[in-house]
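Colleague: Given chain D, work out where chain A should sit, using these hints.
Just so you know, the protein sequences line up as chains D and A, in that order. Residues 1 to 475 in the numbering used here are what the first sequence lists, from first letter to last. Residues 1 to 197 in the numbering used here are what the second sequence lists, from first letter to last.
Keep in mind the hints are simulated off the structure, nothing from the lab. Don't take each hint at face value.
Claimed, not checked - In the DSS-like style, the derived pairs of lysine-lysine whose C-alpha atoms are separated by at most 25 angstroms in a straight line are:
no.	chain 1	residue 1	chain 2	residue 2
1	D	172	D	198
2	A	3	A	55
3	D	283	D	198
4	A	55	D	172
5	D	446	A	3
6	A	3	A	66
7	D	58	D	10
8	D	446	A	31
9	D	10	D	198
10	A	35	D	52
11	D	329	D	198
12	D	52	D	172
13	A	167	D	446
14	D	329	A	31
15	D	283	D	172
Said to hold, decoys possible - Short, incomplete list of chain D residues facing chain A, as computed with Cβ under 10 angstroms:
no.	residue
16	23
17	65
18	220
To be verified - Anything over 12 angstroms on all C-beta distances counts as not near chain D; from chain A, calculated:
no.	residue
19	3
20	30
21	40
22	46
23	63
24	69
25	76
26	106
27	135
28	138
29	140
30	144
31	151
32	155
33	157
Using N, Cα and C, we set each Cβ at its ideal position, and we do this for glycine too.
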Amino acid sequence: MTGPRTLFDKIWEGHVVAQEPGSPAVLYIDLHLVHEVTSPQAFEGLRQQGLKVRRPDKTAATMDHGVPTRTADGTSLGRMAFADELSRRQIAALEANCREFDIPYYGLESPNQGIVHVIGPELGLTQPGMTLVCGDSHTSTHGAFGALAFGIGTSEVEHVLATQALLQYRPKTCLVQIDGRIPAGITGKDIILALIAKIGTGGGAGYVLEYGGSAIRALSMEQRMTVCNMSIEAGARAGMIAPDDTTFAYVAGRRFAPQGTAWDQAVAAWRKLPSDEGAQYDKTVDLDAAALEPMITFGTNPGMARPVSGRVPDPAAFSDPHERAALEKALAYMGLTPGQPLIGHPVDVVFIGSCTNGRLEDLRLAASVLSGRKVAAGVRALVVPGSQQVKKQAEAEGLDQVFLAAGAEWREPGCSMCIAMNGDQLSPGQVAVSTSNRNFEGRQGKGGRTMLASPLTAAATAVAGRVADARKLKT
Amino acid sequence: MQKLTTLTSTVVLLPIDNIDTDQVIPARFLKTTEKTGLGEHLFEDWRYDADGSPKPDFVLNRPESKRSAVLLAGANFGIGSSREHAPWALMDYGFRAVIAPSFADILRSNSLKNGLLPLILEPAVHLRLLEQIEEIPAAQVSIDLASQELTLPSGEKVGFPIDPFSKTCLLNGTDELGYLLGFEPQIIAYEQRLGEK
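So here's chain D without its partners, still in its complex pose (with noise of 0.2 angstroms):
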C-alpha cells in the first residue's frame, strides 16, 4: 500500500512508462503542443534519421510567436505582409512539417489559431491528469487544470516527436499555501508577482509548485492560468492547481472533452487526483492573499517586484553586495532612481496581452478600466487577444469597441510584444508597464525598459500615462 500521495505523485507515477537504476524515468506524455520557433530543428533531426512522428494524435501545432499582429486586409492571412524574411520561413517550415508529419495545425486561416497556452485549454485538449508538453518555458500554464504540463528544449521535442515520451527526472514538490479573502482589485498577476518577489527567481528551481489554499480555490480557471503561467518565473518548471468544479465546469463541453459516459468517467476520474490527506511535500511556502496589493515590478527580472504604493527599493540597503551590485544594475538599466514612489513614473507604452495575461477575462478587466476614458497623450497602448476565439469573444461583447474608443489599438492575436519576435517592439530607453511575463533586458525589444503588472494596472496606467493604481483611478 502506498502512503497518501500529492496531485503530483499520482499524475507522476501514472506516467512512468520504465524506470532503469540510475538513469531518468520514461515518461509518458499525453499532449504535445507545438509552435513555429522551437520545431524546426526537430523535425529536422527526424527526418535525418528516417523517423516518424509516433502519435500526431497527441500533437497538435500553432503559430504565435512569430506572427504579425497587424493585418494588411483585416483578414488573419493579411497578416503575411508585415511578417519579416525569416519569420515566414519559420511559419513555412511548420506548415509543411505539419503537412508532413500528419499534425493537427491551427494555422493562420484557423478560426483556432492562438497562442498555444491559450488555445491549449480553449479547445479542451488541456484536461487535468495529464502530462502536457510544449517547447516553451510558460506550459507551466496548462498546470492550473491539474495537469503535469512543463516546458522542453528542442531535442526534448525531437524526442516527444519520435516516441511520445520523455526522459526525466523526478522533481521535488513544493506547496504554496494560499489562504485569506483576495481584497478587490487584485488579480491572479498579483498573487504571482507577489510569490515570486517572496521566494526570488530560483526559489522554485528543482520543484513543481502546486498552489493550494482557499485563495485558489476562489480563483476561475484563467487566473489559475496566470498564476501557474509564471511558475517558471520562480525557476519552477511546473505548476499545478487540483481539478475541482470550476475546472470541469471550464472543461465541460470544449471541441476535445470527452463527451456523454465518458464524460462522466473522466470526471469520476479527476476527482481522484486532488492531495490525499496528509501528503508530505519537500517544502511548503505560505503566502496571505488578504495582505495582497497590485504588484508591479521595478527591475530585470521578475523577482525584482513591489506593491505599486511602493517605492523603488534603494541599493544601500542591501548588506549582500551581489543582491547590491544586481539591484545598482538594474535600477540604472529601467533608469529609476532608488526611493521614487512607483506611482507616477512615466511610460511609453502599455502591452495588454500574452499567455501570462491574453484571456477574456483580462481584457474583461483592461475594457472594465479604460470605459468611457481615454489613453493618455504619448501613450501607446496595444492590446493583442490570446487567440482567435478571445478575440471573437471580446468583439461579441464589443470590448474591441471600448479598446478603440480609448484611443488603444486592437490587434491579431499573437505573442506580440511579450517576446517582440514578429515586430512589436519597444524602442530603446521606451518604459512599457506590460501584463506579459518577463521584464528581462531587451525582453521586449533591444533597451526597452519593462514594468510588470496586472491588466488593472496596465490599463489604469495607460489613462494616467504613468504608473497608476487601478482602485484610486479618478472617474
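Modeller: Same frame as chain D, but now just chain A:
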C-alpha cells in the same frame, strides 16, 4: 552529440547572478531553422553597441576569450525561456562548460543534451576560482568528467555533481534519443494498458 571527457582551458568571467536566456541569445535570433551560427550573437545586447560595433570592454569581445572553452557565470544561470538556442549559442562560440553555483532547470537539461557541461560549484569554491582567475587571467582549469573533478589554477582539486546517466551520455557522446527509442516495447505496452489502440 559531441563527447566530453577532459578539458583544460582558460576561463571567461561573467560573474553575474540570474543571467537569463534573453541575454544569452535574444529572441530576435530565434527565427533561424538551424542550430548553427548563433555564436556571433551570444550575449548580443551586452556585446555590441547600438551601431553594431563590438564593445571592447565586454569580456566576450576579447580575443583571448574566443580561445576559451569555459565560462564562469553567477548563480541561477540561464533563467527564463526553454530556448535550446542558448546552449547552441554558447557552444557555437566555443564553450564546452559553464561553471556556476546553480543553474536554471531547463537550461541545465538543454545543455546536457548538447554536450555542454553545466558544472555546479559550492559558492565558496566558485568564489575562490573567480578570485584566482581575476588575479591571473591566463590561468587554466582542468575538468575531468570521469572522476567528476575540477582542478583550480591553484592546484586544488574539487568534486562536482552530475547525474550518472548524463555523465555517461557526455563521456560517450551518446544522444538520449537512441536510449529512449529502445523503450518502444514498453511504450506500446503502456498504451495497451490504458486501453488504447
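Colleague: Does each hint fit the structure? Answer for all of them.
Modeller: Hint check results:
no.	hint	verdict
1	172(D) <-> 198(D)	19 angstroms, holds
2	3(A) <-> 55(A)	33 angstroms, violated
3	283(D) <-> 198(D)	15 angstroms, holds
4	55(A) <-> 172(D)	42 angstroms, violated
5	446(D) <-> 3(A)	35 angstroms, violated
6	3(A) <-> 66(A)	20 angstroms, holds
7	58(D) <-> 10(D)	21 angstroms, holds
8	446(D) <-> 31(A)	16 angstroms, holds
9	10(D) <-> 198(D)	28 angstroms, violated
10	35(A) <-> 52(D)	21 angstroms, holds
11	329(D) <-> 198(D)	20 angstroms, holds
12	52(D) <-> 172(D)	33 angstroms, violated
13	167(A) <-> 446(D)	37 angstroms, violated
14	329(D) <-> 31(A)	29 angstroms, violated
15	283(D) <-> 172(D)	8 angstroms, holds
16	23	5 angstroms, holds
17	65	8 angstroms, holds
18	220	27 angstroms, violated
19	3	16 angstroms, holds
20	30	5 angstroms, violated
21	40	15 angstroms, holds
22	46	8 angstroms, violated
23	63	25 angstroms, holds
24	69	21 angstroms, holds
25	76	4 angstroms, violated
26	106	6 angstroms, violated
27	135	18 angstroms, holds
28	138	26 angstroms, holds
29	140	26 angstroms, holds
30	144	20 angstroms, holds
31	151	26 angstroms, holds
32	155	27 angstroms, holds
33	157	25 angstroms, holds
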